[in-house]
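Protein chains: 2
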Amino acid sequence: MRITAIHDIVVPIKSEIRNAYISFAEMTASAVAIHTDVIRDGKPVVGYGFNSNGRYAQSGLLRDRFIPRLLAAKPEAVVDETGENIDPFKAWKIMMSNEKPGGHGERSVAVGVLDMALWDIVAKVEQRPLYRVFADRYNSGAYDEKVYVYAAGGYYYPGKDIEGLLDEMQRYLDLGYSTVKIKIGGAPLADDCRRIEAVLRILKPGQLLAVDANARFDRSEALAYAEALNSYELKWYEEPCEVLDFEVHADVAKASKNPVATGENLFSLVDTRNLIRYGGLVKERDYIQVDPALSYGAVEYIRIQAMLKELGWSSRRCIPHGGHQMALQVAAGLGLHGNESYPGVFQPFGGFADGHPVVDGYVKLPDAPGIGIEKKQNLWEVFRGL
Amino acid sequence: MRITAIHDIVVPIKSEIRNAYISFAEMTASAVAIHTDVIRDGKPVVGYGFNSNGRYAQSGLLRDRFIPRLLAAKPEAVVDETGENIDPFKAWKIMMSNEKPGGHGERSVAVGVLDMALWDIVAKVEQRPLYRVFADRYNSGAYDEKVYVYAAGGYYYPGKDIEGLLDEMQRYLDLGYSTVKIKIGGAPLADDCRRIEAVLRILKPGQLLAVDANARFDRSEALAYAEALNSYELKWYEEPCEVLDFEVHADVAKASKNPVATGENLFSLVDTRNLIRYGGLVKERDYIQVDPALSYGAVEYIRIQAMLKELGWSSRRCIPHGGHQMALQVAAGLGLHGNESYPGVFQPFGGFADGHPVVDGYVKLPDAPGIGIEKKQNLWEVFRGL
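Quick mapping for you: the protein sequence lines, in order, are chains A and B.
When we follow the numbering used here, the leftmost residue of the first sequence carries the number 1, and every step to the right adds one.
When we follow the numbering used here, the leftmost residue of the second sequence carries the number 1001, and every step to the right adds one.
Derived from the structure by calculation, the hints contain no laboratory data.
Any given hint could turn out to be false.
Claimed, not checked - Which bits of chain A does chain B cover? Going by a derived footprint, with three or more residues having C-beta under 8 Å, they are:
id : segment
1  : 96-103
2  : 106-113
3  : 263-272
Stated by the list, open to error - Okay, the calculated bits of chain B under chain A, using three or more residues with CB under 8 Å as the criterion:
id : segment
4  : 1056-1065
5  : 1176-1185
6  : 1258-1267
7  : 1299-1312
Unchecked claim - Using 30 Å as the maximum straight-line C-alpha spacing, the simulated DSS-like pairs for lysine-lysine come out as follows:
id : chain 1 : residue 1 : chain 2 : residue 2
8  : A       : Lys254    : B       : Lys1100
9  : B       : Lys1093   : A       : Lys100
10 : A       : Lys283    : A       : Lys204
11 : A       : Lys100    : B       : Lys1309
12 : B       : Lys1309   : A       : Lys254
Backbone N, C-alpha and C fix where the C-beta goes; we use that ideal spot for every residue, glycine too.
Chain A with its partners taken away, still in its complex shape (with noise of 0.2 Å):
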């Protein structure tokens, strides 16, 4: 087999919201669609890629040296033995031929992207959904039938935000989810304590808050809501300071009984190993968010969790960043905790699979092979053309 043609494309995911640290006004994600002359179903396998929110399209990236290394490589350097079918470590490798250790961000999206899409051929050269694929190669057959979300949101609301975040967080419990997140340090801590405790109080037992700072504190804020947060039982503590200080996440990792969640600005192998060797984080309690569509994909994540658990952690301590079906199919199939989901946000790259309902917190994938983007219309609209 060989690979025919990549196209890519820039989408606008511009939301109105705005977290502790950015606008995502201007938010855009790279769609990429790697066209192959292997036929299933009468036609060429395609396979589709986009990027997770919070990093930018990488057009520039891609074009300059990510599609040409791709579609100058010998058929052979990119497929596997039995010639049939694309091998994503060997892509991997030429895409990042060239390419000097260190640096990982913006590049680590780009080879994200196209991680992404090869996957989806892998996945549709084999008749079948992606996460059986990563089941059978790297969990010992081993998924998970329906996979943990959480709703992530809880923006501020200018002039009645504690109405507005409790009108917000009743709709996630409406739409099935068991937890939701809301954002803190927009806020002083009182107001952001008096925002937490009226969420509390209509959850029903079973269901749970997380609360997310994107990074803002500094050493004594992160410090003194770890403290203050300790009152409350939570899913987690998200994002308390500067993601690379992590003299800090120690200190908050001692100081809190809540657990501790980051990662989604970590973006390789190796940072995520300094997180776990530097950050304090405690293997039974807390949990990495490592996004693979922003971190060269589901290649590197695969190494991420032989990494972790070469070093003791469980893969059911790893719950995605970027609510997105590229990081479900993961989830599924290398057995994580569960990954996040933004009900109704970054359109159209947000969301699962059309007609797949949250129950009671969980959602099922698509029989469908690939990834399933061709199962959730608004998304299938942006690659059809492609």
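Given the coordinates of chain A, assemble chain B onto it according to the supplied hints.
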């Protein structure tokens, strides 16, 4: 004052050399010109910037995000309190708006290119060399009249390795360099020792050899080389291992009698701080090689210097990667240890002002306003049409 236009182009800096990690045959760099409405010598001031070697041109990120943000900013958002010059720290904040924390690669290059051009403007408006601006603002007025530079090269010569290597080293010594650097790790340890010993034999008193592994060793190789290199008195042992594997750095720093040097593949304050915190480097002995042109520019480099000072490190332990005029200005103005130099390689961006030879291992800077790009003819050819 205001910015009136920003232009960028992509320029090949290809070279037939190959280090232990990548080939430079496809290497490119971005060159930018920032036009202003300030008149000096009868013409509007234009600032020029480019990126250092080893990372690629960044036209995608420049055009999608960083140039539009600068152009969209209100003039008062990027000028200093006099209104008559750029404030690069304010401009930096504009460029980094809506950028999430973490992921310090690629965009650090794009911002570094623009930061260089902004500082070129600052010094041209003040009508003095940039190092004098740095000295007055960030070094209590102190600066170095001449900067220590070393000649980096020493690649492998298939077929006639020792002979070719010695010819190259002798050429550097004849050019006036007192320190030369060769690659290691591309041959077995015993062969590398023979290469090192051959070079040491042609050095005269006061002349030194540094060796560079370009991050290719695993832990055991890095330690085996450290032990073997302990037999020689070297200027330093550079990039012994994976650039973000601080555990191995710490092991090497402990095992090595020679100074350890690293940092060219760290691109932010927080990554550099992690090296200092966890890398086990010795502040009286080792060297930090962060390249300002790849690492969010001089604004971030000035912050890095403040961080190093706080952690007890002197600016004299810093010797930037890259061999370009911007790093030379930074070295002279902030009182660094010195600067890299690649005689004749990575043209037209590598190297210093024409007519400024290296004498006894030191080079002087031109008196021209700004960075001195106009004083290097082959580099000026790139920019004069921009």
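- Query: Counting residues of the segment 1299-1312 of chain B whose CB is closer than 8 Å to a CB in chain A, do you get three or more?
  - Reply: violated (count 0)
- Query: Are there at least three residues in the segment 1258-1267 of chain B whose beta carbon sits under 8 Å from a beta carbon of chain A?
  - Reply: That given contact holds, which follows from 3 residues of the segment 1258-1267 of chain B lying within Cβ reach (below 8 Å) of chain A.
- Message: How does the segment 106-113 of chain A fare against chain B when you require at least three residues with a CB closer than 8 Å, holds or violated?
- Response: holds (count 3)
- Message: Can you confirm whether the C-alpha distance between A:Lys100 and B:Lys1309 stays at or below 30 Å?
- Response: Cα-Cα ~29 Å, so holds.
- 30 Å Cα cutoff - pair B:Lys1309, A:Lys254: holds, 28 Å
- Query: Is it true that the CA of A:Lys254 sits at most 30 Å from the CA of B:Lys1100?
  - Reply: With Cα atoms ~26 Å apart, A:Lys254 and B:Lys1100 stay inside 30 Å; holds.
- For the segment 1176-1185 of chain B, do at least 3 residues have a Cβ located nearer than 8 Å to some Cβ of chain A? violated (count 0)
- Query: For the pair supplied as a hint, B:Lys1093 and A:Lys100, is the alpha-carbon distance within the 30 Å limit?
  - Reply: holds, 28 Å
- Query: If you draw a straight line from the CA of A:Lys283 to the CA of A:Lys204, is it 30 Å or shorter?
  - Reply: holds, 28 Å
- Query: Residue count check for the segment 1056-1065 of chain B against chain A: does it reach three with CB-CB under 8 Å?
  - Reply: Since 9 is at least three, the answer is holds.
- Query: Under a C-beta cut-off of less than 8 Å, do 3 or more residues of the segment 96-103 of chain A approach chain B closely enough to confirm the stated coverage?
  - Reply: holds (count 7)
- Verdict on chain B covering the segment 263-272 of chain A, criterion of 3 CB contacts below 8 Å: holds (count 6)
Checked against the numbered hints listed earlier, the structure breaks hints 5, 7; every other hint is satisfied.
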